[in-house]
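Same order as they appear, the protein sequences are chains B and S.
Under numbering that gives the first Met the number 0, the first sequence has 106 at position 107, and the numbering climbs by one with no breaks.
Under numbering that gives the first Met the number 0, the second sequence has 274 at position 275, and the numbering climbs by one with no breaks.
Errors might be hidden in some of the hints.
[Claimed, not checked] Taking beta-carbon pairs under 10 Å as the criterion, some of the chain B residues facing chain S (in silico):
#, residue
1, K45
2, L102
3, T138
4, P176
5, N260
6, P265
7, Y267
8, G271
9, G287
10, M302
Hints in this document: simulated from the structure, not taken from any laboratory.
Even for Gly, the Cβ is constructed at its ideal location relative to N, Cα and C.
Chain residues, written in single-letter form:
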Amino acid sequence: MTATGTSTGRRVVSPRIGRRGSGLAYLLILPAVVVLVGVTGWPLYKIIMLSLQRQDSGKFALFHSAGTTPFVGLRNFTRVLSDSAFWTVLERTLVFTVLNVGLSLALGMGVALLLNRVSKWARVILVAVLLFVWAVPSTVSTQIFYWLFSNQYGVVNWLLDRVPGVHMRGHDWFADPHQGLAVVTAVVVWGAVPLIAISLHAGITQIPRDVLEAARVDGASPWQAFTRVTLPFLRPLLIILMTLSVIWDFGVFNQIWFMRNGHPEPGYQTVGIYMYSEGVGSSHYNTGATIGVLMMVCLLGVMVFYIRQLFRIGDAE
Amino acid sequence: MTRLAAPPEAMPRPKKHPSADRPARRRGGRRYATWAWNALAMLLAVVFGFPIYWMLITAFKTSGDVTTITPKFWPRHPSLRGFAEVLHDPIFLDDMRNSLTITLSAVVISIVIGFFGAMAIARFRFLGRKVFIFAVLIVQMIPLLALTIPMSLLLDHAHLKNTTTGVIIAYLVFTMPYTVWTLRTFIANVPKELDEAAMVDGCSRWQTFYKIILPLVAPGLIATGVYGWILAWNEFVLANTLLLDNNKATLPMYLLYFQSSPVHGADWPGLMAAATLTSLPVVVLFVIFQSRISAGLTAGAVKG
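This is chain S alone, in the form it adopts within the complex:
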């Protein structure tokens, strides 16, 4: 920046402007100001990070270390008892298996169907294209909560209530439109000239899909899949409505069951261990893929 400001002819300004000698003074002041801002940023980092720290630290505490009048900011007797308790609970293991099955199925189905749909709107002009785009967009805006009642009745009617399959189908409501929409952005970023060149060289339409476009949007597919994974893994309302048995539930449901069941009372280390285990797969994936995910989320907005 300073180098940019140096050439005098680059900044034609009135000679006796009162602020003419300000930049120099300012720079010194700015350095102190930067330290003040850095300190504020660190304070914010502590405030924002504390809840997560507290979850982890509680999970590693013993019950005795939790129930003290003055909180222990570092576990005196670090223990894995909370984790052991949760991991030895057959319901937790069932629910984890259910969460995995449901999430993985919903994401894979959405990616396959979504990729085709995204191809269509990114590469073709056809009658009804705008209508389809509009439908995909509006569906993402519909509050999922409102759909729980009809969804539950319809799946009940199809004898799919209280089944994993039913929940997988229901989860397509929010994973599929999102996948179409995000993949469309990734496919649109692949120059059309590549398809055309491949077709001139004798590729068929289908071959251009999986030989040219698919490898190029592979990172996009992964990012989209990861975000779909996060959405499905965290979903609570639909699962809570559709699944009735404890051994058919998902992990978010397990958390509430644990929190509200009198057996576990105020078992904070156990609860925080369950919370940690539930968020772990999501947090790890998110932090790795965040830049791609948020690029997809706000691509249009930043493009301005």
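Excised from the complex, chain B in its bound form:
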């Protein structure tokens, strides 16, 4: 509603620019539209078509003689959805997503509050470290953690072994997928905290001082000040960070793929890995496409929510 409000407002201010440049505007967006249609629209169309065609591993049949791969309606979907493997994978992905998003946001918020509370020199140091962490590619960070958690000479095993009563020497973290996915969680959270902490810290500094001061003077405890003043102020930012985290963690790939040397065992499969192994690994293009469509459907709600949020803040205007 605010969106239309401002747009009409602007139109009143400069009607000249609005009307005269229309043709030019179309010329300007033409290349972008061509790219959007070519590299996104077409593949999207293709993935939906693939999901509706009979499973056929021959690339030739899919392209050069379309007649041999007949449409089978929703049969691919019923097949994928009636496979218990899919549901196991989906459940694992959901648990993984909730855990990772929750941990990333909680830790990120904690670090943001801490940044707000410490002396300047401490803040500068911590922010610098976070920036470096933020910049490390996920492929590289996974390899670092793979090395840190290595069973033979990994530092983590050595460190845990120092704790009295704990024997971790030679412990293999990747034999049990649950432990392996815990290491993956460590990589994901390690990489996600900087963005969340630094954005939230920037958000906290925007909160007017006197509002927090007033809350304190009125006898609010630090916890009350946090829940009643800080959180409501950060709400829009938190929603955006949360949706982005959900999208990223639900589609987690590199961290698992690299942690398992490009061959994740069944116990490590999340939806993204499952789709890739089926569709690209085993050349079951139609099954893979079907899982891909299901994956997008799962995220559709989150996407719509995110974009509505952007429009509500007026950023999309």
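Fit chain S to the supplied structure of chain B, relying on the hints for placement.
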């Protein structure tokens, strides 16, 4: 803060409020508390920084220094052997060249196309503008992973699979919409009155673009380009699907190849040297441009 609190009339409060004398005591307590928080912050800095430190330190170790029961927290015999090994590997050099070509091309194309697109939505009102914005936004949300299958088939069909060109085209999926969206914010921050004044002074539309707006959004172009660079440089799945030969691969693919190839076994110094070399260009650029990049990323959110 203390000065703000000083004037008594500024804070009308009940006389005998129990917390009336608290601020003074609190301030003393707060100083100790600040030290405790600082210590916690330093602990966190160590925990978060350690993996990076460990990558660097391992890269400079010899194999003998790596395979010790008690880890060496400082290399006893610092060595460049890991780096030398990687830099003398022809596949690494090929892959680095491929990464450079692909990343640079994708970013330049995105910036040019994206700048025009961003101009259109920041400066014009036209039928379909909302649809275009919506498309740009939704495309950024589509999981890239899901598009690997159709993308690979389509590029195969166009005989572009296993080619650098194919990967460059495919990378526009994620670099271009992001560029349009971020540049739009930068252009919108240039007051429209400047364009109008220039046009009154006899500039044509095109002249206002490159004489007025382009110089003003140049920092934005650089920041956007840098972030696009980071995204493309780090991308793995699409490249892994589209490129089949070792000498056509990109650096992230090289890392996995190195890690999983039996030749290199548990060559941790070599692997960490490769990882360091791969992340170096990205880390340096990111740390320099971070404030601008994150301003673009969360501009809308902080604006509240």
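Verification of the hints:
Annotation: interface hint on K45/B holds; nearest CB of chain S at approximately 4 Å, less than 10 Å. The interface hint given for L102/B is violated, since its Cβ lies 14 Å from the closest Cβ of chain S, which is over the 10 Å cut-off. Below 10 Å, beta-carbon pairs count as interface contacts, and T138/B has one with chain S at about 4 Å; its hint therefore holds. At a threshold of 10 Å, the smallest CB-CB gap from P176/B to chain S is about 18 Å, leaving the interface hint violated.
With a least beta-carbon distance of about 4 Å to chain S, the hint placing N260/B at the interface is held under the 10 Å criterion. Taking 10 Å as the C-beta contact cut-off toward chain S, the hint placing P265/B at the interface is violated, the least distance being around 18 Å. Below 10 Å, beta-carbon pairs count as interface contacts, and Y267/B has none with chain S, the closest being about 15 Å; its hint is therefore violated. Nearest Cβ of chain S to the Cβ of G271/B: about 5 Å, under the 10 Å cut. The hint holds.
A least Cβ separation of about 5 Å between G287/B and chain S falls short of the 10 Å threshold, and the interface hint therefore holds. The interface hint given for M302/B holds, since its Cβ lies 4 Å from the closest Cβ of chain S, which is under the 10 Å cut-off.
Checked against the numbered hints given earlier, this structure breaks hints 2, 4, 6 and 7; the rest are met.
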